[in-house]
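Visitor: The task is simple: from the sequences and hints, build the whole structure.
Number of protein chains: 2
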Amino acid sequence: MKKLINEPDQVLSDALRGVAAAHPSLAVNSVERYVARAGGPTPGKVALVSGGGSGHEPLHGGFVGYGMLDAACPGEVFTSPVPDQILAATKAVSSGGGVLHIVKNYTGDVLNFQMAADLAGDAGIEVQTVVVNDDVAVEDSTWTAGRRGTGATVFVEKIAGALAERGADLSSVAAVAREVNERSRSFGVALTACTVPANGKPGFELADDEIELGVGIHGEPGRTRSKLVSAKQIAEISLDAITSDLPLSGDVAVMVNGMGGTPLIELYIVYAAVADYLKARGVTIARSLVGNYITSLEMAGCMVTVGKLTPQLTNLWDAPVETPALRWGR
Amino acid sequence: MKKLINEPDQVLSDALRGVAAAHPSLAVNSVERYVARAGGPTPGKVALVSGGGSGHEPLHGGFVGYGMLDAACPGEVFTSPVPDQILAATKAVSSGGGVLHIVKNYTGDVLNFQMAADLAGDAGIEVQTVVVNDDVAVEDSTWTAGRRGTGATVFVEKIAGALAERGADLSSVAAVAREVNERSRSFGVALTACTVPANGKPGFELADDEIELGVGIHGEPGRTRSKLVSAKQIAEISLDAITSDLPLSGDVAVMVNGMGGTPLIELYIVYAAVADYLKARGVTIARSLVGNYITSLEMAGCMVTVGKLTPQLTNLWDAPVETPALRWGR
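Taken in sequence, the protein lines are chains A and B.
Counting from 1, one number per residue, gives the positions in the first sequence under our numbering.
Counting from 1, one number per residue, gives the positions in the second sequence under our numbering.
Source of the hints: derived by calculation from the structure; they are not laboratory data.
Do not rely on the hints blindly, as some may be mistaken.
Identical copies go unnamed one by one, so any copy, or any two together, can satisfy a pair.
In silico lysine-lysine, DSBU-like type, Cα no more than 30 Å apart, as pairs [as the list claims (entries may be wrong)]:
| id | residue 1 | residue 2 |
| --- | --- | --- |
| 1 | Lys45 | Lys91 |
| 2 | Lys201 | Lys2 |
| 3 | Lys227 | Lys2 |
| 4 | Lys2 | Lys279 |
| 5 | Lys308 | Lys91 |
| 6 | Lys201 | Lys227 |
Guide: Here's what the structure looks like:
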């Protein structure tokens with residue numbers, strides 16, 4: 001295992017020290033293990049809290065800031081955050097408007113966020129939860145009942161965060177978060193596996209000429225293995241899977257996301273193929289992201305996420321955002 | 001070779017199609033092969049043109065936009081852009097204020113930019129050139145006489161771009177670009193090699209427990225090979241090399257840059273060690289970047305760049321910028 005780390009069991013704590021040092025806009029609580037906005041809670045605003053295993057950076061800590069999350073709870077690498085951690089973050093950002101938990105659909109995450117929400121409720125904090133489950137590749141998986149939550153998480157956090165910033169109430173923010181999830185689908189492809197530092201060896205094996213179609217963001221098995229194919233074919237396979245599940249028309253947002261070990265030049269090559277595919281079917285890419293937004297450590301590969309827009313969703317997408325990983329328009 | 005590409009000889013053209021599709025703020029000229037701002041030249045403003053081999057994305061095309069570059073010329077992967085290409089970009093963005101060429105110190109780049117500058121001069125366009133040569137690892141290298149140009153390029157483009165946006169004249173913009181270069185140093189480390197698509201195999205070999213200290217951004221040999229060491233030790237080796245060349249004090253800007261295949265969580269671990277090192281020596285990190293800004297395809301590893309700030313340079317760093325890869329404050 002070749003990694004830029006100190007000790008495998010210090011990966012999260014060392015990384016959080018780095019995040020704290022690099023971003024004065026963030027308040028990192030290294031004891032309770034959450035990342036919040038440095039300015040403290042915004043009075044009366046619905047607070048958005050997300051989290052999950054580490055190793056998917058910039059998700060979620062990189063999306064904490066104006067227009068997106070109020071706090072993020074990083075678990076150990078590929079491991080759910082614990083209920084106490086989520087509860088501490090929830091309490092820290094709660095300011096009377098209620099708290100929305102944004103949870104990717106992995107069994108551990110769902111259970112731990114649920115327990116934290118119950119405890120927060122006992123403490124008088126109103127919590128609603130949206131579970132993101134956009135990955136069309138498989139039903140049920142290594143760590144999931146139902147579909148996995150992947151790229152749509154970024155869309156949900158951006159759009160719900162924008163609505164919360166405008167002063168909407170908890171039910172409205174939760175409703176738009178669910179709407180974005182329901183209108184979004186993802187499909188991922190791995191060219192290589194990745195290695196969890198504590199394990200020291202790759203989570204799975206792929207031959208030199210093999211790729212995994214429909215891979216999960218922890219390397220969970222996908223639909224099938226295939227020989228390496230072209231970027232154009234990978235775009236087609238991904239979009240065939242997405243559009244056969246959710247017919248597309250009108251305006252969409254597209255993310256071509258790198259899994260961590262794939263260079264940007266390759267993501268643009270995939271994006272060109274995605275744009276061709278959608279254009280040929282009369283679908284308009286109204287907004288897009290190309291880059292590393294939800295990763296799987298050093299895995300090589302990409303994920304395509306498509307979200308159907310409405311005028312309101314586009315307007316919220318365009319709203320100002322100021323986080324380490326996503327910022328525009330303020 | 002496992003890559004998200006179509007054909008090796010279409011990598012650049014396919015990627016440029018993707019860039020054009022993803023970024024309405026950019027005008028991609030796929031015939032002449034340059035990327036410029038979509039709005040056309042800014043009348044009277046000094047225009048900044050950079051470029052170099054592809055494979056270092058987001059450098060340089062990702063830095064085209066308000067507050068940074070006016071145009072970028074991408075060569076084939078790890079290959080200099082040609083003079084005609086640079087000349088076309090120079091003419092396209094020239095609007096009477098003169099043009100600054102920002103060139104990383106590689107022999108091919110320097111020659112081709114020089115030829116383009118001469119041709120532009122013949123056409124009545126005033127061009128000045130700054131050659132970036134911040135890499136302290138080695139004197140002379142595979143493709144370079146003198147020191148290689150690496151991470152400081154990002155600082156030069158940001159700060160000179162800001163001054164140009166404020167209406168400074170060509171000599172002033174060139175002077176600040178040279179000042180930033182002279183005050184900046186970089187040192188890079190590779191954990192793995194990378195593969196140029198047209199070659200189909202890695203540019204060099206590293207054993208499973210080996211790293212290359214002082215590597216160049218095309219995989220050029222560095223100072224020495226070593227067994228894998230900790231992130232803390234890598235930060236120390238990098239900063240020892242930098243500070244023995246340029247003593248540091250006061251405020252600095254730091255970039256911990258990923259070489260393309262290293263996950264963000266590892267870069268934050270390195271950044272924490274860099275922050276510790278500098279704090280212990282009384283040096284203040286006033287500004288920082290952590291992420292992939294100048295890459296080497298899918299190489300795993302990192303580069304540390306440090307630039308000594310002045311109040312003016314900090315002010316220009318903070319000026320609004322709006323490019324695909326760097327944006328804040330507008």
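Visitor: Taking 30 Å as the upper bound on the Cα-Cα distance, should Lys201 and Lys2 be classified as within, between, both, or neither?
Guide: both (10 Å within a copy, 20 Å between copies)
Visitor: Can you tell me if Lys308 and Lys91 fall within 30 Å by alpha carbon in one copy, between copies, both or neither?
Guide: This pair counts as neither: shortest intra-copy Cα distance 33 Å, inter-copy 41 Å.
Visitor: As a check of your reading, is Lys227 near Lys2 (CA-CA no more than 30 Å) within one copy, between copies, both or neither?
Guide: both (26 Å within a copy, 10 Å between copies)
Visitor: Have a look at Lys45 and Lys91 and pick one of within, between, both or neither, based on CA distance no larger than 30 Å.
Guide: within (14 Å within a copy, 51 Å between copies)
Visitor: Treating 30 Å as the Cα threshold, decide for Lys201 and Lys227: within, between, both or neither.
Guide: both (23 Å within a copy, 18 Å between copies)
Visitor: Is it within, between, both or neither when you check Lys2 against Lys279 at 30 Å Cα-Cα?
Guide: Answer is between; shortest inter-copy Cα gap is 27 Å, intra-copy 41 Å.
Of the hints listed earlier, the one the structure fails to meet is number 5.
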